[in-house]
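Engineer: Sequence:
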Amino acid sequence: MNDRVVIIPTYNEKENIENILRYVFKLEPKFDVLVIEDNSPDGTAQIVKRLQSEFPQLHMIERKGKLGLGTAYITGFKWSLEHGYNYIFEMDADFSHNPDDLVKLYHACESGEGDMAIGSRYVTGVNVVNWPMGRVLMSYFASKYVRFITGMKIHDATAGFVCYTRKVLESIDLDNIRFKGYAFQIEMKFTAWTLGFKLKEVPIIFTDRTLGTSKMSGGIFNEAFWGVITMKLRSLGKRKKIENGKWRMEN
Numbered sequence: 001m002n003d004r005v006v007i008i009p010t011y012n013e014k015e016n017i018e019n020i021l022r023y024v025f026k027l028e029p030k031f032d033v034l035v036i037e038d039n040s041p042d043g044t045a046q047i048v049k050r051l052q053s054e055f056p057q058l059h060m061i062e063r064k065g066k067l068g069l070g071t072a073y074i075t076g077f078k079w080s081l082e083h084g085y086n087y088i089f090e091m092d093a094d095f096s097h098n099p100d101d102l103v104k105l106y107h108a109c110e111s112g113e114g115d116m117a118i119g120s121r122y123v124t125g126v127n128v129v130n131w132p133m134g135r136v137l138m139s140y141f142a143s144k145y146v147r148f149i150t151g152m153k154i155h156d157a158t159a160g161f162v163c164y165t166r167k168v169l170e171s172i173d174l175d176n177i178r179f180k181g182y183a184f185q186i187e188m189k190f191t192a193w194t195l196g197f198k199l200k201e202v203p204i205i206f207t208d209r210t211l212g213t214s215k216m217s218g219g220i221f222n223e224a225f226w227g228v229i230t231m232k233l234r235s236l237g238k239r240k241k242i243e244n245g246k247w248r249m250e251n
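Residue numbers are given in the numbering used here: position 232 of the sequence shown equals residue 232, and the series is strictly consecutive.
If you are wondering where the hints come from, they were derived from the structure by calculation, not from laboratory data. C-beta: ideal position from N, C-alpha, C; glycine also. Hints may contain errors.
Here are the simulated distance ranges between beta carbons [as the list claims (entries may be wrong)]:
id: 1; residue 1: 203; residue 2: 28; range: 16 to 26 angstroms
id: 2; residue 1: 230; residue 2: 137; range: 23 to 33 angstroms
id: 3; residue 1: 107; residue 2: 61; range: 24 to 34 angstroms
id: 4; residue 1: 129; residue 2: 103; range: 15 to 25 angstroms
id: 5; residue 1: 55; residue 2: 82; range: 13 to 23 angstroms
id: 6; residue 1: 229; residue 2: 134; range: 15 to 25 angstroms
Please take these sequences and the hints and turn them into a complete structure.
Structural biologist: So, in structure tokens, the structure goes:
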């Protein structure tokens with residue numbers, strides 16, 4: 001086992017999962033993978049199980065249903081910490097995140113440039129391919145909105161392609177992360193930032209999926225819009241303290 005693991009949540013990703021896994025396992029340096037499988041009716045889990053006999057570095061946690069992106073990653077974070085990984089990655093299964101960029105995110109953290117490296121679509125302009133203009137504008141201005149409300153100097157606060165160092169995840173009270181959808185990505189960055197960790201944006205090109213179905217919905221954006229305000233309000237007038245080795249915000 002190495003000290004790098006990529007967490008990939010899946011729901012109905014039979015068209016993509018084998019190709020993305022084979023791609024990741026060819027990379028240097030080597031990465032382990034943890035699939036968080038939410039009982040896909042299309043047989044995604046069966047494909048992963050077949051590949052596990054070929055790749056001992058492939059792991060899977062099967063859940064009873066579609067429980068939300070945030071809870072999938074929290075489950076993966078806890079498993080990764082328990083199994084001794086020092087660099088823990090978030091990545092989509094659909095090739096919207098280029099697996100080659102895992103190496104860039106890893107080097108950004110391993111070199112000490114950041115405690116958390118973010119694959120950023122907007123740090124060098126707008127680097128998004130195959131999205132309708134309306135969705136590009138919504139995503140871009142969502143990040144501008146988050147930056148304005150929270151004060152974080154991050155261009156792509158909603159990004160879901162991330163490398164966390166172990167110390168970041170160990171310092172966050174994962175059971176206190178509230179959001180499950182789109183806003184989960186914002187809350188994790190905001191929490192790491194309030195704890196004083198260095199957030200490093202690494203430019204990537206985001207390419208929309210060509211196979212499978214997008215999981216994005218209007219409700220996810222609504223959670224993010226209102227969630228940012230409530231998250232910021234909760235942080236006002238609070239102070240940080242250590243409790244059982246973890247930083248948390250105190251009322």
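Engineer: If a hint holds in the structure, say so; if it doesn't, say that too.
Structural biologist: Hint check:
Distance hint check for residue 203 and residue 28: the Cβ-Cβ separation is about 21 angstroms, which falls inside the suggested range of 16 to 26 angstroms. One distance hint, 23 to 33 angstroms for the beta-carbon pair residue 230 and residue 137, holds here, with the actual separation near 24 angstroms. At about 28 angstroms, the CB distance of residue 107 to residue 61 agrees with the hint of 24 to 34 angstroms. Distance hint for residue 129 and residue 103: a CB-CB separation of about 20 angstroms, consistent with the stated range 15 to 25 angstroms.
Look at residue 55 against residue 82: about 21 angstroms separates their beta carbons, and that is inside 13 to 23 angstroms. With their beta carbons about 23 angstroms apart, residue 229 and residue 134 fall inside the hinted range of 15 to 25 angstroms.
Checked against the numbered hints given earlier, the structure satisfies every one of them.
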